[in-house]
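Participant: Chains A and B are the protein sequences, given in the same order. Mapping of the first sequence onto this note's numbering: position 8 corresponds to residue 8, and the numbering continues sequentially without gaps. Mapping of the second sequence onto this note's numbering: position 184 corresponds to residue 184, and the numbering continues sequentially without gaps.
Keep in mind that the hints were calculated from the coordinates and are not lab data. Certain hints may be false.
Said to hold, decoys possible - If you only want the chain B side, here are some residues facing chain A, beta carbon under 8 angstroms, derived:
1) A31
2) M42
3) P48
4) E51
5) L177
6) L181
7) G191
8) Y205
These figures come from a predicted structure and were not determined experimentally. Backbone N, C-alpha and C define an ideal beta-carbon position, used for all residues, glycine too.
Protein chains: 2
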Amino acid sequence: MTERVFTACLVIIGNEILSGRTQDANLAYLAKGLNQRGIRLMEARVIPDVEATIVTTLNEVRAAFDYVFTTGGIGPTHDDITAESVAKAFGRPLIENPEARAVLEAYYPAGELNERRLRMARTPEGASLIENRVSSAPGFQVENVFVLAGIPSVMRAMFESLGPRLQGGTPMQSRSLSVALPESVISGGLGELQAAYADIDMGSYPYHRDGVYGTTLVLRGIDGGRLDEAARKLAALIRGLGAEPYEETEG
Amino acid sequence: MTERVFTACLVIIGNEILSGRTQDANLAYLAKGLNQRGIRLMEARVIPDVEATIVTTLNEVRAAFDYVFTTGGIGPTHDDITAESVAKAFGRPLIENPEARAVLEAYYPAGELNERRLRMARTPEGASLIENRVSSAPGFQVENVFVLAGIPSVMRAMFESLGPRLQGGTPMQSRSLSVALPESVISGGLGELQAAYADIDMGSYPYHRDGVYGTTLVLRGIDGGRLDEAARKLAALIRGLGAEPYEETEG
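This is chain A alone, in the form it adopts within the complex:
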């Protein structure tokens, strides 16, 4: 019996990422958070604040993946066009969402909920809100598309609020070993080990630290027992090459 794999795609909406002005800080967080829920991030796209591009991209990826997450473009300014673009992608009208308006009314002092801020209450018709405990203005979900903020602290709060709305399978586990040998010395034996463990994804990542060319080897799979077994064989392979493997502590 093959286990069902739940897949996701991240769409990062923002000229500021594509111009190199801002470094994305959401992909790695989302990848790890999804994995804990048994969902695999299979692709990410960075696209500009251009409605036609957002619409085309969303319609392509929401058909191809179980879950789609977007980040960015849901603030109060003219370049925040994610809500209307999502509405167009789904062929739904863009409405002032009464529930979202109530959230903003409760948050802003009397008289400060101006027309611009009210832009943040707009969602496609029939969307369900995603709570924002940081700065109130909510994200929203339409079918399998989850629209999150671009600011990392807000994006994280929104993602963590999703809870049971994300159904997944068995999380991937990983084992990492590093060794002070260049990739090309280990790669032959590693290739053979990979061939023997088709259910495990073996990655090889060269590093250069303190003048030493080394390699970090990462084994990923859903079966902890198989991972331990493969990691033991990998450690034996490394010792056979006259080196000593050490475990990576992940950040």
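Please arrange chain B on chain A, whose structure you already have, making use of the hints.
Facilitator: Structure of chain B alone, referenced to chain A:
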């Protein structure tokens, strides 16, 4: 007369980025480097080390953009499958490139150019090499697709070696102003200014520093005079709201 816009797409190949283990460090560098050459990065995709995905993605984006850059997957291990995937995308045979082999032979001490390292001499037939001054194993170009290493120092050296192989237009310039006012206070006037300057892309980016909610406003366009004019109007708009704009020093 409208100026021709040169466009580019970056394809980041690597399970380690999609698992959240590694943070991409190439997008921002490439975006800025391309802009200096008058080429605009319009999209980036992060995809796994899966041949079918690489082939499909490459064939889609090389038809849609003037230039395509890939990073990752050109090392000596079993998970380095970029060269064969690019060959498949172009329908060309994968060969041992004699020029690439000569480069590796000159770099490695006698007897150390093993079978695994020779994998790094493989390119699609007819590819032209991209020099790697850091660790010798070259990247390569096929038509409008430039295949670069994933390790940032190597990727940068390869990109800088391209010189006249990248033809572009007029670089985008930018002007940045920051102000200690929340986005939603400025957004009305900013939207009007954007409407008056259709040739300038105006971005608004909220920040939260030392307890202050502020906004950085970025104007981008190819005409420095128009940018200066729009920036003066923006500064006047901010002063009209009772605040003082300050210039951002970019990193």
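Participant: The structure should be examined with respect to each hint, and the outcome stated for every one.
Facilitator: Okay, the hints, checked on the actual structure:
Interface restraint check: A31 of chain B against chain A, minimum CB-CB distance 3 angstroms, threshold 8 angstroms, status holds. Taking 8 angstroms as the C-beta cut-off, the interface hint given for M42 of chain B holds, the closest approach to chain A being about 6 angstroms. The interface hint given for P48 of chain B is met, as the beta carbon of that residue sits about 6 angstroms from the closest beta carbon of chain A, less than 8 angstroms. Taken as an interface hint, E51 of chain B does not check out: its beta carbon lies about 14 angstroms from the nearest beta carbon of chain A, beyond 8 angstroms.
The restraint placing L177 of chain B at the interface with chain A is violated, with a minimum CB-CB distance near 14 angstroms, outside the 8 angstroms limit. Taken as an interface hint, L181 of chain B does not check out: its beta carbon lies about 12 angstroms from the nearest beta carbon of chain A, beyond 8 angstroms. For G191 of chain B, the interface hint holds, the least distance from its beta-carbon to any beta-carbon of chain A being 4 angstroms, beneath 8 angstroms. Interface restraint check: Y205 of chain B against chain A, minimum CB-CB distance 6 angstroms, threshold 8 angstroms, status holds.
Figure legend: structure checked against the earlier numbered hints; hints not met, in rising order: 4, 5, 6.
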